[in-house]
Amino acid sequence: MAVSLGFASDAIVQEFYVDDDVDQAVRDAIEGETGHPLVDVDYADVVDGAIVWWRADDAEEEDLADVLVDALSNLDDGGLIWVLIPKPGRTGSLPVADVEDAATIAGLHSTTAASVGSQWAGIRLTARPRQR
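In the numbering used here, the protein residues as written are 1 to 132.
In short, the hints are calculated from the structure, not lab data.
Computed spacing ranges between beta-carbons, pair by pair:
(1) ALA8 / GLU60: 28 to 38 Å
(2) ASP42 / PRO88: 24 to 34 Å
(3) ASP63 / ASP10: 27 to 37 Å
(4) ASP45 / GLY89: 35 to 45 Å
(5) ALA44 / ASP77: 16 to 26 Å
(6) GLY78 / THR104: 16 to 26 Å
(7) GLY107 / GLN24: 24 to 34 Å
(8) ASP66 / THR126: 16 to 26 Å
(9) THR111 / VAL46: 19 to 29 Å
(10) ALA97 / HIS36: 30 to 40 Å
Heads up, the beta-carbon is just placed ideally off N, CA and C, and yes, glycines get one too.
Please put together the full structure from these sequences, using the hints given.
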């Protein structure tokens with residue numbers, strides 16, 4: 001993977017919409033960066049970050065904003081979410097603006113876009129801190 005996604009050592013990262021087309025090298029790099037295996041959608045404890053593998057076809061089944069709200073439900077303050085989408089011209093690609101619109105609806109802000117492997121691009125999202 002060409003870029004670090006910024007997950008801290010010892011972070012727990014939850015993963016959404018894993019399928020056969022995901023980039024295993026990206027998954028391995030995150031696990032190497034954090035020192036922990038990725039946890040799935042059924043993980044019921046607090047997490048430090050999340051990745052969402054999202055393709056154009058996924059939008060036919062569920063709304064990305066809803067998935068991002070689900071990702072936020074376990075996210076600790078200061079945690080970050082990466083939405084990973086196929087690069088332009090690849091099967092399942094979609095406009096970055098679609099991700100940014102869903103992020104806004106979910107109460108998130110897009111901060112960074114990066115290439116995260118040969119087939120995938122990532123959009124980094126951050127949440128507002130929870131009110132205490």
